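A.B. asks: Given the coordinates of chain A, work out where chain B should sit on it, guided by the hints.
Chains as they are written, first to last, in my numbering: chain A, 295 to 404; chain B, 511 to 623.
Nothing false has been slipped in among the hints.
Below, simulated SDA-like cross-link-like pairs (lysine to any residue); rule was C-alpha separation at most 20 Å, straight line:
1) A:K350 x B:D610
2) A:K353 x A:V338
3) B:K521 x A:P333
4) B:K588 x B:N572
Cβ-to-Cβ under 10 Å is the rule here; a few derived chain A residues that face chain B:
5) Q331
6) G334
7) E335
8) L339
9) L382
10) I386
11) G388
12) A389
13) K391
14) Q396
Everything labelled a hint here was simulated from the structure, so no lab data went into it.
Keep in mind the model is a prediction, meaning the values are calculated, not measured.
All residues carry an ideal CB built from backbone N, CA and C; glycine is no exception.
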Amino acid sequence: TQLLEQSPQFLSIQEGENLTVYCNSSSVFSSLQWYRQEPGEGPVLLVTVVTGGEVKKLKRLTFQFGDARKDSSLHITAAQPGDTGLYLCAVIQGAQKLVFGQGTRLTINP
Amino acid sequence: GAGVSQTPSNKVTEKGKYVELRCDPISGHTALYWYRQSLGQGPEFLIYFQGTGAADDSGLPNDRFFAVRPEGSVSTLKIQRTERGDSAVYLCASSLVGTDTQYFGPGTRLTVL
Numbered sequence: 295t296q297l298l299e300q301s302p303q304f305l306s307i308q309e310g311e312n313l314t315v316y317c318n319s320s321s322v323f324s325s326l327q328w329y330r331q332e333p334g335e336g337p338v339l340l341v342t343v344v345t346g347g348e349v350k351k352l353k354r355l356t357f358q359f360g361d362a363r364k365d366s367s368l369h370i371t372a373a374q375p376g377d378t379g380l381y382l383c384a385v386i387q388g389a390q391k392l393v394f395g396q397g398t399r400l401t402i403n404p
Numbered sequence: 511g512a513g514v515s516q517t518p519s520n521k522v523t524e525k526g527k528y529v530e531l532r533c534d535p536i537s538g539h540t541a542l543y544w545y546r547q548s549l550g551q552g553p554e555f556l557i558y559f560q561g562t563g564a565a566d567d568s569g570l571p572n573d574r575f576f577a578v579r580p581e582g583s584v585s586t587l588k589i590q591r592t593e594r595g596d597s598a599v600y601l602c603a604s605s606l607v608g609t610d611t612q613y614f615g616p617g618t619r620l621t622v623l
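So here's chain A without its partners, still in its complex pose (with noise of 0.2 Å):
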């Protein structure tokens, strides 16, 4: 059993359309980590949440935590082709380890 569970795992669509993802869990996190990941790299960073019901805005990314902290979500408004990649949740677990969910795969077709 996943920690996180992320949905959908593959998601395609147009440019210029906008979509949701989501990570969930059923345990209460003290903070949560978005990281998208291009073919032949590893993870970056994008954003850390940290308080239930918070909202953060990264260009036309939009963050959420869910008010209980066991869930998030990652609102892309006019996906562009460059949006195109493996968007991953984290926790950090223990002294420092990352656990991260199965990822959704993200394709932006011209």
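C.D. replies: Chain B only, in chain A's frame:
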């Protein structure tokens, strides 16, 4: 270099062979991590170093896997008697102590034939 570097970028080996994967962290980062990413999955934690010592090795799958960081900088992940199931991308990350941001290298893609 400014980022985390890993060598080799690709390694193909035969079942039963020994391999070493190298990680050069960002200068000044005392924390170093190894993760393994199988196809279609998120990275899975293997081991965490604080300085020269392994602070948490709970993710190493078995005793064929070993990692060292003798001088508190470069780290080597060593895999003995490789198996086909070891095929994956091995990622290294580093961070400053007390911060939540880990910086990842590009990974080494290991293929065991």
